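S.K.: Spelled out from the first residue to the last, the chains are:
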Amino acid sequence: MLLKENNTELKRQINYNVEKIRSDFPILSQLVHGKPLVYLDNAATTQKPLHVLHSLENYYYKQNANIHRGVHALSQEATEAFESSRIKVKKFINALGKNEIIFTKGTTESINLVAQTYCRKFLKEGDDIIISEMEHHSNIVPWQLICEEKKANLKVIPISETGELIFEEFEKLISEKTKLVSVVYASNSLGTVNPVKEIINLAHSYNVPVLLDAAQAVNHLELDVQELDCDFLAFSGHKLYGPTGIGILYGKVNLLEIMPPYQGGGDMISKVTFKQTTYNELPHKFEAGTPNIAGAIGLGAAIDYVSNVGLDRIAYYENTLLEYATDKISTLSGLRVIGTAKNKISVLSFVLDNIHPHDVGTFLDFEGVAIRTGHHCTQPVMDKFKIPATSRASFGMYNTFDEIDILYNGLKKILEVFK
Amino acid sequence: MQQELRELYQQVILDHNKSPRNFRKIENPTVALEGYNPLCGDNITIYLELDDNKIIRDISFQGSGCAISKASASLMTSMLKGKSVDEAKFLFDKFHHLVTAKIDEEVDLDQLGKLAVFSGVREFPARVKCASLAWHTMINALEGKGEKVTTE
Chain A
17 MLLKENNTEL KRQINYNVEK IRSDFPILSQ LVHGKPLVYL DNAATTQKPL HVLHSLENYY
77 YKQNANIHRG VHALSQEATE AFESSRIKVK KFINALGKNE IIFTKGTTES INLVAQTYCR
137 KFLKEGDDII ISEMEHHSNI VPWQLICEEK KANLKVIPIS ETGELIFEEF EKLISEKTKL
197 VSVVYASNSL GTVNPVKEII NLAHSYNVPV LLDAAQAVNH LELDVQELDC DFLAFSGHKL
257 YGPTGIGILY GKVNLLEIMP PYQGGGDMIS KVTFKQTTYN ELPHKFEAGT PNIAGAIGLG
317 AAIDYVSNVG LDRIAYYENT LLEYATDKIS TLSGLRVIGT AKNKISVLSF VLDNIHPHDV
377 GTFLDFEGVA IRTGHHCTQP VMDKFKIPAT SRASFGMYNT FDEIDILYNG LKKILEVFK
Chain B
30 MQQELRELYQ QVILDHNKSP RNFRKIENPT VALEGYNPLC GDNITIYLEL DDNKIIRDIS
90 FQGSGCAISK ASASLMTSML KGKSVDEAKF LFDKFHHLVT AKIDEEVDLD QLGKLAVFSG
150 VREFPARVKC ASLAWHTMIN ALEGKGEKVT TE
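Chains as they are written, first to last, in the working numbering: chain A, 17 to 435; chain B, 30 to 181.
Derived from the structure by calculation, the hints contain no laboratory data.
What you are looking at is a predicted structure, and each value in this text was computed from that prediction instead of being measured.
Capping the alpha-carbon separation at 20 Å, the derived lysine to any residue pairs in SDA-like fashion look like this:
no.	chain 1	residue 1	chain 2	residue 2
1	A	Lys428	B	Leu43
2	A	Lys428	B	Gln32
3	A	Lys429	B	Gln31
4	A	Lys435	B	Arg35
5	B	Lys110	B	Asp80
6	A	Lys402	B	Asn66
7	B	Lys123	B	Leu141
8	A	Lys429	A	Val353
9	A	Lys193	A	Asn223
10	A	Lys429	B	Leu43
11	A	Lys435	B	Asp44
12	B	Lys118	B	Leu138
13	B	Lys47	A	Asp369
14	A	Lys402	B	Gln91
15	A	Lys402	B	Tyr65
16	A	Lys435	B	Ser48
17	B	Lys158	A	Cys393
18	B	Lys47	A	Glu432
19	A	Lys188	A	Glu149
20	A	Lys51	B	Glu152
21	A	Lys166	A	Asp144
22	A	Lys51	B	Gln32
23	A	Lys428	B	Gln39
24	A	Lys51	B	Gln31
25	B	Lys47	A	Asn370
26	A	Lys429	B	Val41
27	B	Lys47	A	Ile403
28	A	Lys51	B	Glu33
29	A	Lys400	B	Leu68
30	B	Lys143	B	Arg35
31	A	Lys429	B	Glu33
32	A	Lys435	B	Pro49
33	A	Lys402	B	Leu68
34	B	Lys47	A	Ser349
35	A	Lys435	B	Ser93
36	A	Lys429	B	Glu36
37	A	Lys429	B	Met30
Required output: the full structure, derived from the provided sequences and hints.
M.R.: Okay, here's the thing in structure tokens:
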């Protein structure tokens, strides 16, 4: 419990000025039900700093034009802003080339893109795709759809009571029949960080490509796709303090090249006749139609902002928040933390004896505290722990130790009312 | 507790949440139906035993859900025991109006009895489904929608 007192020390050590960061997020300084907003639903979506808001405003005020085709000044300016965001993403995840960065609507579309192109072409009857028991529905259903179509099998790596992937079971599941492994880097409902490097190494020893769902990892862990050697990686802008409706699919260039296009339309072609169409080069082959230009620019601004603060320092700070919060709320009687992996991002799921998470959510809302309650789009995880739902507090770069105290006091009040 | 919150979580609701009435299975129901709210995972099964004159001889429920949905099922079953199917349908409409009426709309509480404790729900759009799950399940069971469990 010394962590809070160590806040000043922490500030000095990692030069982390949370008050300065908070002042960059105008939404945080408002009242909800008459109480200061305590936003602890960052795993659902993060708030946006002024830097991102200004980039969106600037685009629509001064740069709005369609990209890639216009010869006029605005079109060129918009194209340049859009493409410079691609380069920012490339640098942020250390991809080899910008042609490996595909703009999508978000993680969900990125995963569906791989299912509908790579798997549609290469998945055969009797083949296997391997996922884990802790996947978000968006990393389950796209594979179910394509497996059903191709008469292939979806295999699931089970998880332990602590919410960790059982690696030995993965070793048993992978075989010559495996065509793809798709696992979450960090779990949205449990917080577990998976040993993705080991997963990738084992999969590669069978020549099996690996997709990482990095939706929850992207704002907590430094991503280096070359270091990881993952074949695909998907994430969303809105969980990285950027806008909604924009996401990324990273793919190794050799894989992207042999994959058929995802959607047909403008921008993804190089020449169209009624007899034959030749496709545009990467990454445009996968970007049919006018993209979310403002979203991409906003994502670029978010990357600038996060990089400026430093993801390593953000991660360090969030870990101290998680530790403080876990210790503190664990002292409440009847509270059980769901997801107790050794290596976690700042996601804290819990259940209270005989009090349903929805009641917890409504009560906390009246304390100004926004948390998530429900199954978090991970129903198999709920089934595994034999619970209908959890309450989930998830911390971001702007949360404070005082806010965790408010959460704790709110929970104490609920226990009092329901006792 | 703040006013709106107190109106939502009235003592009666907290009581019924803690000790729900008719929280059991009827072994040979005339009809039983499972209601599910996919948004929150609330899950409730309503059991009904009707006699030849379409009177609800017994009604019970089982399942899991929040305080609002549990108390709603508990109060509903207490209320409907001994009522006719037509009366149940009438109360369904009354209850539905109670929880979905506009905030400034006048709601007739006549004949609602204890169900009036749910009048605070309409201030919480996200919780309307919690309050009405048991009722929708009951009405679907009576109207023969969904899977029927019949006894010989």
